[in-house]
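Read off the chains here:
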Amino acid sequence: MADTYRIEPDINFIKEVRTLGGQDLKKCFQCATCSVACPISPENKPFPRKEMIAASWGLKDKLIGNADIWLCHNCGDCTAICPRGAKPGDVLAAIRSYAITEYATPKALAKAVNDPKKLPVLLAIPAIIFLVLGFVLKAFGIHWLNFNPGGDMIVHANFFSSWLVDLTMIPTFLGAIAIFALGLKRFLNDIHRNAVSEGKTDKKKIDSIGFLQALIRIIPAILKHNKFNECTENRDRATAHMMVFFGFIGLFIVTNIFFIALYVFQQHGPYSQLNPVKWLANAAGVSLVIGSFLMIKNRLSKTDQGVRYADWYLIGLALALGLSGMLTEMTRLGGLAGISYALYFIHLILVWCLFAYTPFTKLAHLIYRTVAMTYMEYAERK
Amino acid sequence: MTDEKTAPVNGSILVVGGGISGLTTTLEAAEVGYEVFLIEKNPYLGGRVAQLNQYFPKLCPPTCGLEINFRRIKDNPRIKTFTLAEVGKVSGTPGHYDVTINLNPRYINEKCTCCGDCAKACQMEISNDFNFGIDKHKGAYLPFEMAFPARYVISPQIIGTEDAKRCLSACKYDAVDLDMKAKTIHLSVGAIVWATGWEPYDATKIDNLGFGRYPNIVTNMMLERLAAPNGPTKGKILRPSDEKEPKSIAFVQCAGSRDENHLPYCSYICCMASLKQTTYIRERYPDAEIYVFYIDLRAPGYRYERFYKKIKEDQKVHFVKGKVAEVSEDSDSKNITVVAENAVTGEKIRQTVELVVLATGMQPTAAQAKPSPDLKYTQDGFMINDFERGGMFAAGCANKPADVVSSNQNATGMALKAIQTLVRK
Numbered sequence: 001m002a003d004t005y006r007i008e009p010d011i012n013f014i015k016e017v018r019t020l021g022g023q024d025l026k027k028c029f030q031c032a033t034c035s036v037a038c039p040i041s042p043e044n045k046p047f048p049r050k051e052m053i054a055a056s057w058g059l060k061d062k063l064i065g066n067a068d069i070w071l072c073h074n075c076g077d078c079t080a081i082c083p084r085g086a087k088p089g090d091v092l093a094a095i096r097s098y099a100i101t102e103y104a105t106p107k108a109l110a111k112a113v114n115d116p117k118k119l120p121v122l123l124a125i126p127a128i129i130f131l132v133l134g135f136v137l138k139a140f141g142i143h144w145l146n147f148n149p150g151g152d153m154i155v156h157a158n159f160f161s162s163w164l165v166d167l168t169m170i171p172t173f174l175g176a177i178a179i180f181a182l183g184l185k186r187f188l189n190d191i192h193r194n195a196v197s198e199g200k201t202d203k204k205k206i207d208s209i210g211f212l213q214a215l216i217r218i219i220p221a222i223l224k225h226n227k228f229n230e231c232t233e234n235r236d237r238a239t240a241h242m243m244v245f246f247g248f249i250g251l252f253i254v255t256n257i258f259f260i261a262l263y264v265f266q267q268h269g270p271y272s273q274l275n276p277v278k279w280l281a282n283a284a285g286v287s288l289v290i291g292s293f294l295m296i297k298n299r300l301s302k303t304d305q306g307v308r309y310a311d312w313y314l315i316g317l318a319l320a321l322g323l324s325g326m327l328t329e330m331t332r333l334g335g336l337a338g339i340s341y342a343l344y345f346i347h348l349i350l351v352w353c354l355f356a357y358t359p360f361t362k363l364a365h366l367i368y369r370t371v372a373m374t375y376m377e378y379a380e381r382k
Numbered sequence: 383m384t385d386e387k388t389a390p391v392n393g394s395i396l397v398v399g400g401g402i403s404g405l406t407t408t409l410e411a412a413e414v415g416y417e418v419f420l421i422e423k424n425p426y427l428g429g430r431v432a433q434l435n436q437y438f439p440k441l442c443p444p445t446c447g448l449e450i451n452f453r454r455i456k457d458n459p460r461i462k463t464f465t466l467a468e469v470g471k472v473s474g475t476p477g478h479y480d481v482t483i484n485l486n487p488r489y490i491n492e493k494c495t496c497c498g499d500c501a502k503a504c505q506m507e508i509s510n511d512f513n514f515g516i517d518k519h520k521g522a523y524l525p526f527e528m529a530f531p532a533r534y535v536i537s538p539q540i541i542g543t544e545d546a547k548r549c550l551s552a553c554k555y556d557a558v559d560l561d562m563k564a565k566t567i568h569l570s571v572g573a574i575v576w577a578t579g580w581e582p583y584d585a586t587k588i589d590n591l592g593f594g595r596y597p598n599i600v601t602n603m604m605l606e607r608l609a610a611p612n613g614p615t616k617g618k619i620l621r622p623s624d625e626k627e628p629k630s631i632a633f634v635q636c637a638g639s640r641d642e643n644h645l646p647y648c649s650y651i652c653c654m655a656s657l658k659q660t661t662y663i664r665e666r667y668p669d670a671e672i673y674v675f676y677i678d679l680r681a682p683g684y685r686y687e688r689f690y691k692k693i694k695e696d697q698k699v700h701f702v703k704g705k706v707a708e709v710s711e712d713s714d715s716k717n718i719t720v721v722a723e724n725a726v727t728g729e730k731i732r733q734t735v736e737l738v739v740l741a742t743g744m745q746p747t748a749a750q751a752k753p754s755p756d757l758k759y760t761q762d763g764f765m766i767n768d769f770e771r772g773g774m775f776a777a778g779c780a781n782k783p784a785d786v787v788s789s790n791q792n793a794t795g796m797a798l799k800a801i802q803t804l805v806r807k
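Protein chains in written order, with our numbering: chain B, 1 to 382; chain A, 383 to 807.
Honestly, the hints are just simulated from the structure, not real lab data.
Treat the hints loosely; a few may be bogus.
[Stated by the list, open to error] Heads up, simulated BS3-like pairs for lysine-lysine below, C-alpha to C-alpha not over 27 Å straight-line: (1) A/LYS698 / A/LYS716; (2) B/LYS107 / B/LYS118; (3) B/LYS111 / B/LYS185; (4) A/LYS782 / B/LYS27; (5) A/LYS563 / A/LYS471; (6) B/LYS26 / A/LYS703; (7) B/LYS15 / B/LYS117; (8) A/LYS629 / A/LYS691; (9) A/LYS547 / A/LYS518; (10) B/LYS62 / B/LYS185; (11) A/LYS423 / A/LYS799; (12) B/LYS27 / A/LYS703; (13) B/LYS15 / B/LYS302; (14) A/LYS587 / B/LYS302; (15) B/LYS205 / B/LYS185; (16) A/LYS782 / B/LYS26; (17) A/LYS703 / B/LYS382; (18) B/LYS27 / A/LYS587; (19) A/LYS703 / B/LYS62; (20) B/LYS26 / B/LYS62; (21) A/LYS565 / A/LYS423; (22) B/LYS118 / B/LYS297; (23) B/LYS227 / B/LYS203; (24) A/LYS518 / A/LYS493.
[To be verified] Beyond 10 Å from chain B on every Cβ pair, some chain A residues (computed): (25) GLU527; (26) GLU581; (27) PRO582; (28) ASN612.
On a predicted model such as this, the values are computed, not experimentally measured, just so you know.
Glycine residues also receive a C-beta, built at the ideal position from the N, C-alpha and C atoms.
For reference, chain B alone in the conformation it holds in the complex (with noise of 0.2 Å):
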């Protein structure tokens, strides 16, 4: 700050922001009340006031590469208590928004997820994947995708085979964590040199052993919502939040469960319903599905708040996975084979959309928010 800056003002980033959710970032006037009411902002350098001249002012390098954007959890107490409605929680999100994109290869995929006119083709593309390759190995006599799969019970397995799950899941999977990747190394050099130069740390580099230290101790915060926590006009966020993050959990271990089991044991499902495991599948479909709701209804009642696609994408992705996987499992039960099949079919159209996507989507947040809190933690900003 104490040098001169010379502001060049990227005007297109202005506008892009407002369209993304931040259109009232003009009318703030920098009383900084927002630094204030935020009940999680640092003493030092506090967010978000900077942020909001810096957004206005189009200083998209000021604001891209800025940890503080990710440490806001946008609980809104600063858009409830803002004099001008300029809304600066909005406006974070928005930049985040911008941000995911920013750091994510290729961006046409990014752009194609924010853009609710392209839903219907990023929802077709696994589905032609998983069509196109079960035509083409049945072919050659592999029969992983079969419509016909018949027998007494219903095995999901039987219709759509394990091995074409994990031949499509597990490359996509793997792809996302490297786009993740190359994303991050950019990010976690921004955030420093961004750190540095507004005086927020003290460090002169980072070290990677004291980073994962850094990470290992804010890792019990993350998992018990202390940040969410701490605010007030939206608290209610916190548990639904918190059903949503642990169902996703749960259901991660149960799925990496069943892979050990099936190559590693050769143990095919369906699992009875006695085996604890299954318990916690189920356990965590369901605190899915009741987060998905919650969140939708904590989304409608907040009308200050301003809810984007984006948004709206995430919620009903995770409602839709939760879903489509609960009910696949109540019409196996309930004997309903047809219906059973196509659910599940869907469900892993749905899972693929989770794993290919997430990177793009506001989903990224699990892993910059994660990298931006270990980052203060390290850099030990109070």
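Dock chain A against the given chain B, drawing on the hints supplied.
Frame of chain B; chain A shown alone:
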């Protein structure tokens, strides 16, 4: 002014509100020969100005200006003043209005000599609204020393009690009249000037600034009373919790003003009022540290700008660009910690002080009770002048937030507008 026989004029003017704007319109119109009815809902004239310790930027007491105005009113036979009076119904058109005025009983007649025996005899004490409830006065009281009309008032709260009888028997001049009843009178006037003024914004509504929760957070108007020689502390600025002389004071600017959750507009006077009030503190406590937290400091015009510059040179007055958004109280010392982000340095500031002054803004009186259906208002309750239609005009702070100088200029202009309505009818 001109007292010789001028051309006879028809019709008279009603001025609603006896604050500085109403007084000015009344005098300007009456002194060019028009009959003026001045009505005021309080038992005294002078309005908000009467409550001030000093004017900015000259730092002179408002009493001298008011005294001259009261003298002019007293000497002018064309002015009829009604205190404890409120407008009932208004009907008619420009040039011909019929107005009902509701007069509330004062229970003290014109024989009062202000000896004060009734107040001595009265035992019950009631909250002193003139001092914003900082202290109490008796059920029979003189609103303040300079009150005009110079006459005691008996509060309706003691009517029917033993206290009322005590007042009656204590009065040697037969001035107490407990049988006085509310009355309605009718006036026919050609023009009406609404000078209904303003109320300090209710600071208890500003949840995050702690007023009403913590005793050592006061409003700027309360500080005027604390600094005024005729105030509850006789001009000593003492903090409410322990009547201690504060060694550090924080001013919180835009407390409720320029805020869509409260008053969306700038109240115009609060910056200058706080700058002025820093001089009250510097004069009494030269060692006190003063902090002024602001969004932008607005000192419009050359004279105010110069005043601001002078205060800025003072080493004891610290200006912090950043609005206070959080306050807390230390339960032992009763000191207040205010929190703001210094937007220049980007640091969060937690400043602990012994007294906090909220620079609360002005809300038009009409925002609470709209007097006439024929008037147009802004969303915030300020009256919009319709000069084409004429007949009724808003003057001073009923029209927009303004300082005393602008209110007087505006009120003079509205006197002329009212006169034009009469001449053109």
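| query | Of the hints given before, which are not true for this structure? | reply | As far as the earlier hints go, not one is violated by this structure.
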